[in-house]
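Chemist: Spelled out, the chains give:
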Amino acid sequence: MTAPGPTAALPAIPKLATGIAGFDFIAQGGLPAGRTTLVSGTAGSAKTVFAAQFLAEGVRRHGDSGVFVTFEEAADDIRRNMESLHWPIAAWEAAGRWAFVDASPVAGDDGPIAGDFDLGGLLARIENAVRRTGARRVSLDSVATVFARFADHATVRAELLRITQALRTMGVTSVITAERTQEYGDIARFGVEEFVTDNVVILRNVLEGERRRRTIEILKFRGAPHGKGEYPFTIIPGEGLVVIPLSAIELQQHSSDVRITSGNPELDRMCGGGFFRDSIILVSGATGTGKTLMTAEFLNAGVASGERCLVFAFEESREQLMRNARGWGVDFRSAEAAGLLRLSCEYPEVMGLEDHLIRLKSEIDAFAPQRIAVDSLSALERISSPRGFREFVIGLTSFVKHRQVAGLFTSTTPSLLGGDSVTDAHISSITDSIILLRYVEIFGEMRRGATVLKMRGSMHEKQIREFTIDGTGMHIGRAFSNVQGILAGRPRQLSASELDRLGTLFADE
Amino acid sequence: MAERDGEGALRPPVVLQLFVTGQTPRSLRALANLRRICDARLPGRYELRVVDVLERPQVAEEARVLATPTLIRLSPQPSRRVIGDLSDERRVVDGLELDGAVGTTHPSFP
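Protein sequences, first through last, are from chains V and G. Sequential numbering of the first sequence, starting at -19, is according to our numbering. Sequential numbering of the second sequence, starting at 255, is according to our numbering.
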């Protein structure tokens, strides 16, 4: 990926693409080439995976050899642990593409310190391994162990500084991992940042609302641009670390003024001529108001015009979806047989939200649809923290818009009448259009109303229209003329005298 | 503890390996300190192998040496290690267990 950035005029330090998915994007090209980057994190924050993946992607994608200096785990343990990520480290070693410098504690110990020492042995071994493999990348994981081994911390600090200088002289790009004790506090233990000051990356593994949320932040790249703030990431078997660049992709969207049909002519009219080609539509309503029906009609219209449609269902199984659609006269089965429709059903709880996002993205990439639907977003909300959910929606919407795909997302409001939805509050500003479906109680009868609350970039109808549902779908009728308080959940019939009074309220004198 | 068996030369020799980085003052100091200690405590009974990690990094790799100078007692087993320029004689003697079974008690040493 290339590095978009405002610093094109400055002679920025060249970057080395790591190959870690998403990371090079937020790093605007990769790690500063020929320099050392400190990667700091608490226990369990995936420092070792980052360090190993930096080398593995070098071997796999860029033909770069790598040297892994391990201070904590024995080389054999790392080989084994990384098998779950499908990196054939032993084979790379045999091919001279990967070398370990095993600096983990030896059986017994180093013995007493009887006078001045340096880490010349370690440096000589690293230099030898780099020479032998022609390495361009070196990872050191993790230096905290060195401090634990040698009581003389001043010497260790000075020696690690000498090693980073030697790495720079050798022209390799390197990663040094270090421990931190708190997610938000000092950069690293033992003042490691004093000798690797230029480039600092922080990995976090924060407990948020009973859920672990991993984020990566580039704290600084001296003399080189990079994305700011925390970006969520996840670890996927067979891939390793995958960073999800959220705000980074948001900026690149461009909007289309091509209209597409919603699948309902009357709804199209309410929207001022249909949905926009690359817009995100949120359909919000209580359970049973017709959200899934609106989704089905949206997909059906796509299929009818030969578009590919992909639906992510989180509340119903394939069979339920098929049956529901059939009940409204929509034939999902033959659309799927024709290869124009794909139903992807998964329970929200099977994986974390970050993993869902990555799954959604890869399915969208694989199927290349023109329309997608998510039914419902609120089902996903229950497996995440508010912040994680908002990031998920931003990540998904920007990904979808980037591909010029129309997305229809549904959101279930918790109360039957009216609708205060947490989902809506979090994402209403992200979506382009909002359609509300509401129950309206009049004279002891439940009726349904629909209104277009927002239509970015277009005029739209402001009325609340009554609609009915039957075996042929959704039928939008006339506006509720003498009822008020529908959106607030307190519909009230206006009497004739009140109507008269309202009529004169804004009349000219 | 058998302080003496009368025939010290019959005991197997003590094999020591000293890892240094080039001919630095610290390397030379470590070597001089080691010879002084061994000549006093293991006269004629020790074998010293010096490894320059710059010339033979592979040997340092196999012995997993980080610090230099590092002194390893290879024999008798189990092996023992001491780190530094060996200027602290007490620690060298303790670390290599030169008192007692391995070495001979130095008369001037308390």
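These are computed hints drawn from the structure, not numbers from a lab. Where is the CB? At the ideal position from N, CA and C, for every residue including glycine. One thing to keep in mind: the hints can contain errors.
Here are the simulated distance ranges between beta carbons [what the hints assert, rightly or not]:
#1 V:E63 <-> G:P332: 45 to 53 Å
#2 V:D132 <-> G:D348: 38 to 46 Å
#3 G:R310 <-> V:M331: 36 to 44 Å
#4 G:Q331 <-> V:D57: 35 to 43 Å
#5 V:V86 <-> G:P330: 43 to 51 Å
#6 V:D89 <-> G:R290: 23 to 31 Å
#7 V:G43 <-> G:R290: 46 to 54 Å
Chemist: With reference to the structure, classify each hint as holding or not holding.
Modeler: Status of the hints after comparison with the structure:
| no. | hint | result |
| --- | --- | --- |
| 1 | V:E63 <-> G:P332: 45 to 53 Å | violated, 33 Å |
| 2 | V:D132 <-> G:D348: 38 to 46 Å | violated, 18 Å |
| 3 | G:R310 <-> V:M331: 36 to 44 Å | violated, 51 Å |
| 4 | G:Q331 <-> V:D57: 35 to 43 Å | violated, 26 Å |
| 5 | V:V86 <-> G:P330: 43 to 51 Å | violated, 18 Å |
| 6 | V:D89 <-> G:R290: 23 to 31 Å | holds, 25 Å |
| 7 | V:G43 <-> G:R290: 46 to 54 Å | holds, 53 Å |
Hint violations for this structure: numbers 1, 2, 3, 4, 5, all remaining hints satisfied.
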